[in-house]
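Given these sequences and hints, build the entire structure.
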Amino acid sequence: MALNITGRKLFVKALKEEGVDTIFAYPGGMITDIVDELYKTDGIRVILGRHEQALVHEAEGYARATGKTAVVLVTSGPGATNTITGIADAYYDSIPMVIFTGQVPLHLIGNDAFQEVDIVGMTRSITKYGVTVRNRDDMGRLIKMGFQIASTGKPGPVLIDIPKDIQTTSGEPEYPSQVDIRGYHPNETVHIGQLKKAYRLLKNAKRPLILAGGGVRIAGAQKKLLEFATKMNVPVTTTVMGKGVMPEDNPLFVGNCGMHGRYAANKAVTECDVLFSIGTRFNDRITGELDEFAPKAQIVHVDIASASISRNVVVDVPVTADAKIALERLVEYAEPMKTDKWIAKISEWEQEHPLTMPNTKIGNCPQDICEGINEVFPDANIVTDVGQHQMWASQFIRLHKGQEFITSGGLGTMGFGFPAAIGASVGNPKKPTVLITGDGGFQMNMQEMATAMSENIPVVICIFNNSNLGMVRQMQQLFYGKRYEITDLSAKDGGYYPDFLKWAESYSCKAIRVTSSEEIIPALKAARANKGKPTVIDFLVSPDDLVLPMVKSGTPLSEMILK
Amino acid sequence: MKNRWIALYVENQVGVLAKVSGLFSAKSYNLQTLTVGTTERDDVSRMTISVMADDVTFEQIKKQLNAMVEVIKVIDLTTIPIHMKEILYAKVKGLDSAGKTEAFQIAEVFNTGGMVRITDIGTDSVLFECTLTERKNNDLISLLKTRFKKIEVVRGGAVAVESISSSCR
Numbered sequence: 177m178a179l180n181i182t183g184r185k186l187f188v189k190a191l192k193e194e195g196v197d198t199i200f201a202y203p204g205g206m207i208t209d210i211v212d213e214l215y216k217t218d219g220i221r222v223i224l225g226r227h228e229q230a231l232v233h234e235a236e237g238y239a240r241a242t243g244k245t246a247v248v249l250v251t252s253g254p255g256a257t258n259t260i261t262g263i264a265d266a267y268y269d270s271i272p273m274v275i276f277t278g279q280v281p282l283h284l285i286g287n288d289a290f291q292e293v294d295i296v297g298m299t300r301s302i303t304k305y306g307v308t309v310r311n312r313d314d315m316g317r318l319i320k321m322g323f324q325i326a327s328t329g330k331p332g333p334v335l336i337d338i339p340k341d342i343q344t345t346s347g348e349p350e351y352p353s354q355v356d357i358r359g360y361h362p363n364e365t366v367h368i369g370q371l372k373k374a375y376r377l378l379k380n381a382k383r384p385l386i387l388a389g390g391g392v393r394i395a396g397a398q399k400k401l402l403e404f405a406t407k408m409n410v411p412v413t414t415t416v417m418g419k420g421v422m423p424e425d426n427p428l429f430v431g432n433c434g435m436h437g438r439y440a441a442n443k444a445v446t447e448c449d450v451l452f453s454i455g456t457r458f459n460d461r462i463t464g465e466l467d468e469f470a471p472k473a474q475i476v477h478v479d480i481a482s483a484s485i486s487r488n489v490v491v492d493v494p495v496t497a498d499a500k501i502a503l504e505r506l507v508e509y510a511e512p513m514k515t516d517k518w519i520a521k522i523s524e525w526e527q528e529h530p531l532t533m534p535n536t537k538i539g540n541c542p543q544d545i546c547e548g549i550n551e552v553f554p555d556a557n558i559v560t561d562v563g564q565h566q567m568w569a570s571q572f573i574r575l576h577k578g579q580e581f582i583t584s585g586g587l588g589t590m591g592f593g594f595p596a597a598i599g600a601s602v603g604n605p606k607k608p609t610v611l612i613t614g615d616g617g618f619q620m621n622m623q624e625m626a627t628a629m630s631e632n633i634p635v636v637i638c639i640f641n642n643s644n645l646g647m648v649r650q651m652q653q654l655f656y657g658k659r660y661e662i663t664d665l666s667a668k669d670g671g672y673y674p675d676f677l678k679w680a681e682s683y684s685c686k687a688i689r690v691t692s693s694e695e696i697i698p699a700l701k702a703a704r705a706n707k708g709k710p711t712v713i714d715f716l717v718s719p720d721d722l723v724l725p726m727v728k729s730g731t732p733l734s735e736m737i738l739k
Numbered sequence: 145m146k147n148r149w150i151a152l153y154v155e156n157q158v159g160v161l162a163k164v165s166g167l168f169s170a171k172s173y174n175l176q177t178l179t180v181g182t183t184e185r186d187d188v189s190r191m192t193i194s195v196m197a198d199d200v201t202f203e204q205i206k207k208q209l210n211a212m213v214e215v216i217k218v219i220d221l222t223t224i225p226i227h228m229k230e231i232l233y234a235k236v237k238g239l240d241s242a243g244k245t246e247a248f249q250i251a252e253v254f255n256t257g258g259m260v261r262i263t264d265i266g267t268d269s270v271l272f273e274c275t276l277t278e279r280k281n282n283d284l285i286s287l288l289k290t291r292f293k294k295i296e297v298v299r300g301g302a303v304a305v306e307s308i309s310s311s312c313r
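Respectively, the protein sequence lines represent chains C and B. FYI, in our numbering the residues of the first sequence are 177 to 739. FYI, in our numbering the residues of the second sequence are 145 to 313.
What the hints contain is simulated information worked out from the structure, not anything from laboratory work. This list has only true hints and no planted wrong ones.
Quick list of in silico lysine to any residue cross-link-like pairs, SDA-like style, CA-CA up to 20 Å:
{"id": "1", "chain 1": "C", "residue 1": "Lys-320", "chain 2": "B", "residue 2": "Ala-211"}
{"id": "2", "chain 1": "B", "residue 1": "Lys-206", "chain 2": "C", "residue 2": "Gly-359"}
{"id": "3", "chain 1": "C", "residue 1": "Lys-320", "chain 2": "B", "residue 2": "Ile-216"}
{"id": "4", "chain 1": "B", "residue 1": "Lys-207", "chain 2": "C", "residue 2": "His-367"}
All values reported here derive from a predicted model rather than from experimental measurement.
The structure is reproduced here in structure tokens:
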């Protein structure tokens with residue numbers, strides 16, 4: 177029998193046995209023992225962020241760039257509540273993550289003690305699982321459960337709350353290699369009968385379309401998707417979360433669909449007779465008005481979460497399965513279909529309204545910036561914040577093999593981008609990481625510049641600076657009679673704060689301002705040459721630039737605003 | 145929209161009731177009653193839940209419950225033979241002697257198998273104690289409401305168990 181060890185020792189042991197080499201942490205009173213234990217530990221890189229919300233986004237970027245389960249460590253009370261937006265973001269985008277929160281000692285729980293909050297209760301609806309460790313001897317089992325649940329099935333965040341006294345109490349020294357969870361059975365098979373039924377439906381279609389979502393990426397099924405679509409000769413559209421799961425230069429790829437999708441893609445969804453969807457939950461940004469979504473189609477829905485199936489869209493053939501397991505089988509069945517006419521029709525739509533932006537009167541055209549990034553960084557992971565720039569990136573960034581498109585798709589969290597880019601770069605330091613952000617969202621977490629400088633994170637920060645909260649301004653412009661209430665970020669005196677160049681300078685960070693299109697490529701090249709440190713590029717763009725096409729919320733995909 | 149029944153086996157742990165009930169509020173499901181109690185196993189509790197839902201929503205509720213780590217098993221009681229009872233107390237007040245007599249008569253009529261009795265009595269009030277099905281309790285309450293002016297109702301929420309299968313009898 178091995179000797180008992182303290183909770184803090186078991187914590188570190190658990191991380192080691194889970195193969196965790198990086199964690200994102202911020203110290204505080206209720207985790208000082210664990211933090212001290214980390215001091216004595218080799219082989220775990222601890223990234224100290226500057227705000228707990230940013231830590232969670234950093235962890236999200238890390239998980240998305242590596243496929244690994246990310247780990248966050250924060251203290252109780254405000255440390256814990258600050259993580260909530262990040263946890264919700266991770267939940268809605270199915271990011272594998274374990275968040276450890278400190279908690280006041282057991283005997284103080286319920287006393288409204290200093291820095292006590294019921295964080296498990298607060299995060300119950302945005303975690304896959306959450307638990308407070310109430311017995312030291314349960315600690316190993318609960319941590320193991322956390323990693324198992326976070327990373328399997330439909331991944332998601334798990335929160336483990338560890339009271340301070342549990343961290344110092346001696347107990348069970350073993351960390352289990354596997355635990356049985358009787359209420360948790362992630363789907364690891366596929367019902368062959370249903371899958372064959374789905375296949376036959378597709379095979380007999382005249383105008384088939386595959387809709388691929390983020391589930392394809394999570395499952396690592398990109399290759400199989402390509403093989404399946406190619407063998408069957410069926411065009412593919414993707415969701416924003418699925419962007420990149422199909423090579424974007426492939427002739428079968430018709431672009432993203434949804435609120436700001438391509439005209440041709442939305443037309444294809446509206447006109448197809450079989451929609452074969454896989455790894456998507458039919459978010460309202462994808463479907464538009466539900467009653468008129470894919471009105472002519474019979475719908476197949478393959479998803480790992482049975483709860484996602486027939487929730488938003490009533491489907492004809494439901495298949496509960498991991499995207500990879502399903503596609504591996506489907507590839508075996510696949511036979512070529514005669515779809516040339518249908519594909520030609522989609523191309524016609526594309527010619528009718530190709531995806532392009534008019535040249536802007538002032539500053540840089542966002543499309544030109546994206547194309548500059550495509551040219552100078554064809555190998556980079558692309559991270560975005562939330563807003564117009566995000567949609568322009570989803571439209572104009574072209575992803576090649578091995579590139580990730582890391583974005584806050586489900587929750588749409590402004591402030592996500594910069595920390596997520598830091599995390600992505602930490603996880604994959606060999607690959608360039610380009611952040612596409614807006615001046616509004618960037619300011620929500622720009623304190624992380626200290627993290628990026630301290631940790632030597634070479635992210636290229638492309639600020640699409642229109643001195644406005646552009647996405648809402650766009651709605652005001654189109655639907656609210658140009659009444660621009662609280663979307664103009666410039667000051668009453670006409671100035672703009674901060675001056676991003678001077679701000680970057682105070683961090684000793686290289687910064688470049690780009691005011692016209694011929695400066696785009698040289699600036700990006702200079703950023704690429706600036707190794708080992710972040711670079712800020714302040715791209716001035718016009719506040720009047722619109723993201724188009726646009727499907728107004730609550731209207732069908734067929735009613736796109738094009739001009 | 146129909147009234148439907150689910151039984152859940154759940155982990156007997158802190159927060160599980162909050163998690164299950166939180167689902168109904170978070171997703172705007174129409175929860176009618178929820179009862180919870182321990183089972184023959186210390187670490188397992190059983191809930192009986194009734195909801196008002198259409199077919200699609202009810203399917204979704206079952207799937208969402210199934211997806212919870214803390215939920216061990218979901219049993220749809222709407223499609224299988226079950227036994228179900230709900231405890232009900234109804235205090236009828238402001239009665240004259242004719243009213244009391246009527247209360248006793250009602251109790252007698254509703255009393256199938258000893259499930260309804262007047263269990264307490266005051267100068268102008270009686271207390272009904274009933275263990276009937278939820279629907280039968282509804283009938284009794286609506287009758288009491290039409291006949292008497294002042295009533296106080298306390299209901300326990302239904303508890304249900306699957307019937308013993310005919311092959312096991």
